[in-house]
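Fit chains B and C to the known structure of chain A by using the hints.
Protein chains in written order, with UniProt numbering: chain A, 1 to 240; chain B, 1 to 409; chain C, 1 to 255.
In silico SDA-like cross-links for lysine to any residue, where the CA-CA straight-line distance does not exceed 25 Å:
no.: 1; chain 1: C; residue 1: K85; chain 2: A; residue 2: D54
no.: 2; chain 1: C; residue 1: K6; chain 2: A; residue 2: L70
no.: 3; chain 1: C; residue 1: K252; chain 2: A; residue 2: V51
no.: 4; chain 1: C; residue 1: K147; chain 2: C; residue 2: N68
no.: 5; chain 1: A; residue 1: K10; chain 2: C; residue 2: A70
no.: 6; chain 1: A; residue 1: K10; chain 2: C; residue 2: T144
no.: 7; chain 1: C; residue 1: K41; chain 2: B; residue 2: Y342
no.: 8; chain 1: C; residue 1: K6; chain 2: A; residue 2: S103
no.: 9; chain 1: C; residue 1: K82; chain 2: A; residue 2: T57
no.: 10; chain 1: A; residue 1: K176; chain 2: C; residue 2: P80
no.: 11; chain 1: A; residue 1: K172; chain 2: A; residue 2: C24
no.: 12; chain 1: C; residue 1: K147; chain 2: A; residue 2: Q124
no.: 13; chain 1: A; residue 1: K26; chain 2: C; residue 2: P80
no.: 14; chain 1: C; residue 1: K41; chain 2: B; residue 2: V388
no.: 15; chain 1: B; residue 1: K387; chain 2: C; residue 2: L28
no.: 16; chain 1: A; residue 1: K18; chain 2: C; residue 2: K253
no.: 17; chain 1: B; residue 1: K166; chain 2: B; residue 2: F186
no.: 18; chain 1: B; residue 1: K405; chain 2: B; residue 2: V388
no.: 19; chain 1: C; residue 1: K85; chain 2: A; residue 2: L70
no.: 20; chain 1: C; residue 1: K6; chain 2: A; residue 2: D122
no.: 21; chain 1: C; residue 1: K252; chain 2: A; residue 2: E3
no.: 22; chain 1: A; residue 1: K74; chain 2: C; residue 2: P80
no.: 23; chain 1: C; residue 1: K85; chain 2: C; residue 2: L9
no.: 24; chain 1: B; residue 1: K61; chain 2: B; residue 2: K166
no.: 25; chain 1: B; residue 1: K384; chain 2: C; residue 2: S192
no.: 26; chain 1: A; residue 1: K169; chain 2: A; residue 2: M120
no.: 27; chain 1: C; residue 1: K252; chain 2: A; residue 2: G67
no.: 28; chain 1: C; residue 1: K253; chain 2: A; residue 2: D86
Derived by calculation from the structure, the hints in this document are not laboratory data. The model shown is predicted, which means the values in this text are computed figures rather than measured ones.
Take a look at the letters that make up each chain.
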Amino acid sequence: MIEIKELQKKFGKFEVLKNINLSCKKGECIALIGPNGCGKTTLIKSVLGMVLPDSGTIHFNGNSVLGEYLYREKIGYMPQIGRYPDNMTIGQIIEMIKKIRNSSDDLDEDLLHAFELEKMFDKQMRTLSGGTTQKVSAVLAFLFNPDVLILDEPTAGLDPLAAEVLKEKIIKEKEKGKLILITSHLLSELDDLITEIIFMQEGKVHFHQKVEELKTTTGEEKISKAIAKILKNKQNEPNH
Amino acid sequence: MKYFLIIFLLFSLSLKATTIHVGKKHAIKSVKRGITLAKAGDTLIVHGGWYKEGNIIIDKKIVFLGKDLPVLDGEKKHEVLSIHADSVVVDGFKVIRSAYATITDPCGIKVYNKSHVLIQNNVLDDNFFGIYLQNSQNCIIKNNTLKAYGKEEQKLGNGIHCWKSKDILIIANRIDGHRDGIYFEFVTNSVIWRNIANNNIRYGLHFMFSNDDAYITNVFKNNGAGVAVMFTKNVKMFNNYFEENWGDSAYGLLLKEISDSYIFNNRFARNTSGIYMEGTSRIKVEKNSFESNGWGMKIQASCMENEIVNNNFLKNTFDISTNGSLVLNTFNANYWDKYEGYDLDKDGMGDVPYHPLSLFAVLTENTPSAMLLYRSFMITLLDKSEKVLPSITPDNFVDNKPLMKSLPL
Amino acid sequence: MNRIIKIILSDIIRNKIVLAYTLILSILSWSSFALEDNSSKGLLTILNVILFTVPLVSILFATIYLYNSAEFIELLLSQPIKRRKIWLSLFFGLSTAMVFAFFIGAGIPLLVNSPDSIGFMMLLNGCLISVIFVALAFLSSILTRDKAKGIGLAIMIWLYFALLFDGMVLFLLFQLAEYPIENMMVGITAFSPIDLARIQILLHLDVSAMMGYTGAIFKDFFGTSVGLIVSFVLLSLWAIIPFFISMRKFNKKDL
Chain A
1 MIEIKELQKK
11 FGKFEVLKNI
21 NLSCKKGECI
31 ALIGPNGCGK
41 TTLIKSVLGM
51 VLPDSGTIHF
61 NGNSVLGEYL
71 YREKIGYMPQ
81 IGRYPDNMTI
91 GQIIEMIKKI
101 RNSSDDLDED
111 LLHAFELEKM
121 FDKQMRTLSG
131 GTTQKVSAVL
141 AFLFNPDVLI
151 LDEPTAGLDP
161 LAAEVLKEKI
171 IKEKEKGKLI
181 LITSHLLSEL
191 DDLITEIIFM
201 QEGKVHFHQK
211 VEELKTTTGE
221 EKISKAIAKI
231 LKNKQNEPNH
Chain B
1 MKYFLIIFLL
11 FSLSLKATTI
21 HVGKKHAIKS
31 VKRGITLAKA
41 GDTLIVHGGW
51 YKEGNIIIDK
61 KIVFLGKDLP
71 VLDGEKKHEV
81 LSIHADSVVV
91 DGFKVIRSAY
101 ATITDPCGIK
111 VYNKSHVLIQ
121 NNVLDDNFFG
131 IYLQNSQNCI
141 IKNNTLKAYG
151 KEEQKLGNGI
161 HCWKSKDILI
171 IANRIDGHRD
181 GIYFEFVTNS
191 VIWRNIANNN
201 IRYGLHFMFS
211 NDDAYITNVF
221 KNNGAGVAVM
231 FTKNVKMFNN
241 YFEENWGDSA
251 YGLLLKEISD
261 SYIFNNRFAR
271 NTSGIYMEGT
281 SRIKVEKNSF
291 ESNGWGMKIQ
301 ASCMENEIVN
311 NNFLKNTFDI
321 STNGSLVLNT
331 FNANYWDKYE
341 GYDLDKDGMG
351 DVPYHPLSLF
361 AVLTENTPSA
371 MLLYRSFMIT
381 LLDKSEKVLP
391 SITPDNFVDN
401 KPLMKSLPL
Chain C
1 MNRIIKIILS
11 DIIRNKIVLA
21 YTLILSILSW
31 SSFALEDNSS
41 KGLLTILNVI
51 LFTVPLVSIL
61 FATIYLYNSA
71 EFIELLLSQP
81 IKRRKIWLSL
91 FFGLSTAMVF
101 AFFIGAGIPL
111 LVNSPDSIGF
121 MMLLNGCLIS
131 VIFVALAFLS
141 SILTRDKAKG
151 IGLAIMIWLY
161 FALLFDGMVL
171 FLLFQLAEYP
181 IENMMVGITA
191 FSPIDLARIQ
201 ILLHLDVSAM
211 MGYTGAIFKD
221 FFGTSVGLIV
231 SFVLLSLWAI
241 IPFFISMRKF
251 NKKDL
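In isolation and in its complexed conformation, chain A is listed as follows (with noise of 0.2 Å):
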């Protein structure tokens, strides 16, 4: 569905991609894991077009995204921090994205249900706390029923409560078999929604497993712990 070929990005000086190779698939789960300023969200924005990659392609479906913008009626988008407009209510805000998607498909407002949200639709943005405008990128980045459902740290912020009722939200959405990307650095939240890893250092993929795969191989039923065996490991390399 989403395929990366030697993708290369540098801001000023600062090497942020460097020949970053992935291919994603319908019906998987995948976790975008990594230290922070791996470029992970720079990955994510180049995915939806908001950075402009120095070289190398990304094709959605077989197309190239370069200079396109219509391919993002199938993505579904939450940001690590949700900034919105300030004086516009929630409402409006929802309202607003509704207008300019003019979408004529059915919307999923189970988020908007689950969240409470209705009864806060007066509320200006720049009165919510960080919580409730994560509630509000969620659930527009479920609304319109997408194909790809990109989550840049999605229960980051979020109270627990919540944050399971996302979580039951995204395993829902993966079984319709879409495709769902998320980035996180809490590994134990996402240990029983993801089936493959994507893990990141310092612009380049590290690795890009099936989960059942990584725990096989490293023996470890943890995902993070998993992680932190193949990390050793590859640490001690240089020195054999």
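Just chains B and C, lined up with the frame of chain A:
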């Protein structure tokens, strides 16, 4: 007894005088023939028609009357009507197409060294000079309409031209498209009243060496310059309108080398310069309105002892401008719409003196292309600071008692 | 596009600064017209507003608004909308808002008190200046990511056109006073939109002075219909070129 005598005399005169008719339907077909037949005191009535008889000379005291506006055509070869007798009346003709010559100055109607001639209700069209009084006295020119069509100054004569005459009355004429609308040279003790001079190439009214005259309630609009008064003294200028006299060196009123005159209750509107003064002295400018001119008054440094009192200066780009720093004229109790002072003692006069000369007016006088920057924020700042601390503009160029309210003029 | 413009417009119109700007303009205009029995003071006030306030408010407000809507732009970018469309919509939204504010605040009193060529010319130029400085704001906000720097740049641009440029021209004028530089001066005005607008208004406001020798040079060029068209084309270019450059940069910008 006296009156009786006069009436008797008039009666006996009218008995003697006869009336001669000239026209297609009358026995006498030619104007010239009619004049030959007429005796002094007779009335010659010319009926409507087109008369091409070259130069018509009136050499006796007759009443020369046009009925239904007969046309006297000079065919661009002749002076049309020449008057060589006293007390002639010319009334109701259309005089057209006089010749063009630079030495003899052929005219529509010309009076040669005579007096008490009355020229009225005529239409003069496309003549070189219109009406010309040469060395004449006690003449009246009234209700005539003059029009010419040239584009160049050299090819055009003046509308009403008076030379070396005195006691002339010029009333209610309309002059359009001549070189000068009305021209006075060595003319004294005369009055110009209720005339309209528009669209003349040079001046609406032009005075040279003509003392002790007055012009009252005239309109001068859209001429090369409205009125030029030069080398003259003791002229009274009342109630005139000077409007839209626009151009490179165009003025509502140009004063050059004149003295002891009085400019009262005139209106100067939308001229490039309202009044331009050069070598002018002892003139009083009182109760005039200067409105929407480029320059209200341009007073050259050669002017002295002039008084500018009780005038309104409204919406002019520059109220006053000058070319030097010497100020020998006085300004008093004028209304300036650019004045920003206050009146705490409520006497109707501003408590702070007003400096009507702006820095920028001085700048443009020296560097004309600086006009490009006029009204820019930069210039406004400079002007404001100059008003507070005069450094370039002469600080005695001042109205000490500026009015707070405009005068009802 | 219309949907986005509508959204942006409704957001700007609710903005208190725009409301205050409109209100201040209208108080200033109405009161200066009411103060005197002739319209000259009012016209001069509005002229200064056009040459000074309108550029300042337009460029500052638009720059700040652009920085503040970085989130909004990001939000829109994650939606299926062309980049070009987003930037254009922002431009149209902001320009319309500033033109509206000027029209309601200063334009209406202008048309009521001076319904002639002067009033019309001022209105037209005020609207154009609003748009031009919004376009310059787009340029200054795209040139740097830092909000403080961007606002600083906007103020510098304004200061340059409102004051420094004229100062330089004045300096040049007196340095070269001995030479026939009139034609060159006419050319130089093309480099400042404020000057172009000012001269257009001057030709109507100070028509009598412009008919004279000093103004004749400018009257001969700007007063003709060719000059009129040329200067309006130039003014339009002043809006189009900065915006076009900013658009190209925006298309390549990483958010």
